[in-house]
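Chemist: Listed below are the residues making up each chain.
Number of protein chains: 2
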Amino acid sequence: AHLDALLPSEKTAPETIHKAMRYSIFAGGKRLRPVLCLAACEACGGDPKNALTPACASEMLHTYSLIHDDLPCMDDDDYRRGRLTNHKIFGDGVAVLAGDALLNESFLALASYEPLETRFSPLDFIKSLSSAGGSKNLIGGQIMDIEAEGKSNEITYKALVKIHEGKTGALLTSAIEMGGMAANATASQQDSLRRFGSNIGLAFQVIDDILDVTQDSASLGKTAGKDLLMEKATYPALLGLEKAKEIAEELTSNAINAAQELPEPSVLLVLADYLLKRKK
Amino acid sequence: AHLDALLPSEKTAPETIHKAMRYSIFAGGKRLRPVLCLAACEACGGDPKNALTPACASEMLHTYSLIHDDLPCMDDDDYRRGRLTNHKIFGDGVAVLAGDALLNESFLALASYEPLETRFSPLDFIKSLSSAGGSKNLIGGQIMDIEAEGKSNEITYKALVKIHEGKTGALLTSAIEMGGMAANATASQQDSLRRFGSNIGLAFQVIDDILDVTQDSASLGKTAGKDLLMEKATYPALLGLEKAKEIAEELTSNAINAAQELPEPSVLLVLADYLLKRKK
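Protein sequence lines, in the order shown, are assigned to chains Y and Z.
So the first sequence is numbered by the working numbering: it starts at 9 and just counts up by one.
So the second sequence is numbered by the working numbering: it starts at 9 and just counts up by one.
Chain Y on its own, in the form it takes in the complex (with noise of 0.2 Å):
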C-alpha cells in the first residue's frame, strides 16, 4: 500500500511509463529488503510504521537494478518474478527508462520523508541509500560479474565474495541500516545490523546459487541454470553442493548471532532461517 501511494498512478501523463513502473514493482517478487528494513526497525525497539518510505525507496532501487539487469544487453532474461520481464512487454527503450524512473523515485521519496523519533535527517539515509547503490557497491558489482563472465575457472572465492558484497550484500544492508536509523538505534545497535546485514547478504546469494542448480524454472519464477549457460562463477561451482550449503549455514548462524544483540530481534530471526531454508 505504501509502495502505491509513492508512484504515480498509471492513469498519470505519460500513462506508458508508470505502467512499466508498476509493472515491475507488483510484480511479486520476496519483498525482502523492505520487510529486512521493518524488521531491523523493530529489532532496535522502533515502530517499523516509521521505516516504510525508506523500506519503499530500498524496494525501488532494487527492482531498477532488476529491470536493468534483465535487458538484453545484460543477462538478457525473459522471466523474473514468474513474469514476462520488462523489456519483454514494453520493448528495451521503455524499460531503460522505466529503470531510470524508479532510481530517480527512490531519491524523491527519501526527500519528501519526514522521519520521525529519530536523531537522523533524511539526507542521512539518501546517503546510505545512494551509496550502496552507487559505482562501489549495487554497479560497481554488476561490472565485476560483466566481467567476471566466461570466466569462471579464474575467479577465486575472495573475488566472488567481492562481487555479490557489491552486487546484494551494500543494498541489503542499506535496507537494514535505514531501518535502525528509522528507531533511532544507537552506535552499537546499528554495529550489529551492519554484521546482520553482511552476513545474511552473503549468504542469500550462496543459496541464490545452489537454488540455481538445484531447483526448476517454475518453482524459481526465474530462468533455472542459468549461471551455467552464462559461465558465472558460483559458490556451489567452486566449492561443490555441500560445502556450499555448511558456508550458508554458517554465514546464517553469524548473522543469527549479530541480531541476538539487539531489544527485539525475533522476526530477524525468523527471517534468516526462512532464507537459509526457501526454495526459490
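Think of the hints as simulated: they come from the structure by calculation, not from any bench.
Same chains, same names: a pair is fine if it fits in one copy or spans any two.
Distance condition first, Cα-Cα at most 20 Å in a straight line; then the derived SDA-like pairs of lysine to any residue:
1) K288 <-> I255
2) K135 <-> N192
3) K253 <-> T242
4) K96 <-> P80
5) K253 <-> V278
6) K135 <-> E122
7) K135 <-> S120
8) K96 <-> M82
Source: prediction; values computed, not measured.
Take the given structure of chain Y and dock chain Z to it, following the hints.
Modeler: Relative to chain Y, chain Z alone:
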C-alpha cells in the same frame, strides 16, 4: 575541476565503471546546465562558488540521460560531443550502468552538499533535481518522444512543446532554480528565474531542431539530419524554417525580459544571446 573532485577517479575499483562515467562527463559538452546554474546564482546576487555542487549534479544527471538516449534501443547514436558514444566504446551493458551510476552520483553529490548563506537545505536541491529528472518530466519527455517517433505528421505544436518541456526544459529550469536557491533568492526572483528557464529551455530546443537541418555532422559533433531519419516531429517541419527562427527569437526575448528583473543578470543575458546564435 569540481566535477573531477566529485567523481571517483579512474583508478577507483572497479575501474571500468569509473572510466565509462568519466569518458562521457569529460567529453567536452557545452556545460550549459552548470553554467546556467552558476549564472542564475550570480544573477540573484550570490557567489557562484556556492552553486558548484548543484551545477555539477545537474551535469551528471544530464550526461546520464544522454548516455541512455544514445543506446541502440533508444536513439541509436554513434557520435556525441564529437566522439564515439559511450556504448560504442564500452559496450551497451556498461553504458547502461555508467548512466545509472551518474544518476545515482548526482544525488550522492547533493546529499553531501553544504549550502552556505541560504535558507534552502540540500533536501530542497534534491527535490528540485529528482522532480525534474523524474517520470513526469525528463523521463516523461523521453517516453513521449519515443511514442511520437514515426508519427511526425500527427504531432501538434502543443504536443511538441510538451515533449520538450519534459525532455529539456525541466532540467534546465531546475539547474537555474538551484542556482537561485544557492543565492538565497526571494520568491519573486525564483519566479523570474523560472520564467527565464522555461523560455530559454524551449528556445534551446527550437534552435536544436533548426541546427539539425541546417548544419552538418562535423560542426554539430553528432549526427545531423537525424530527426528527419527518425521521422521525428520538429519545429522547422511543423512551422517552416523561418517561422521556427522567429519563435526562437521571441522565446529568447521573453527570457531576456525575465532575466532583467534580477539584480545581476549580465551573464544570463550573454548566455541567452549565445544560445540563440550558436552554430552547434
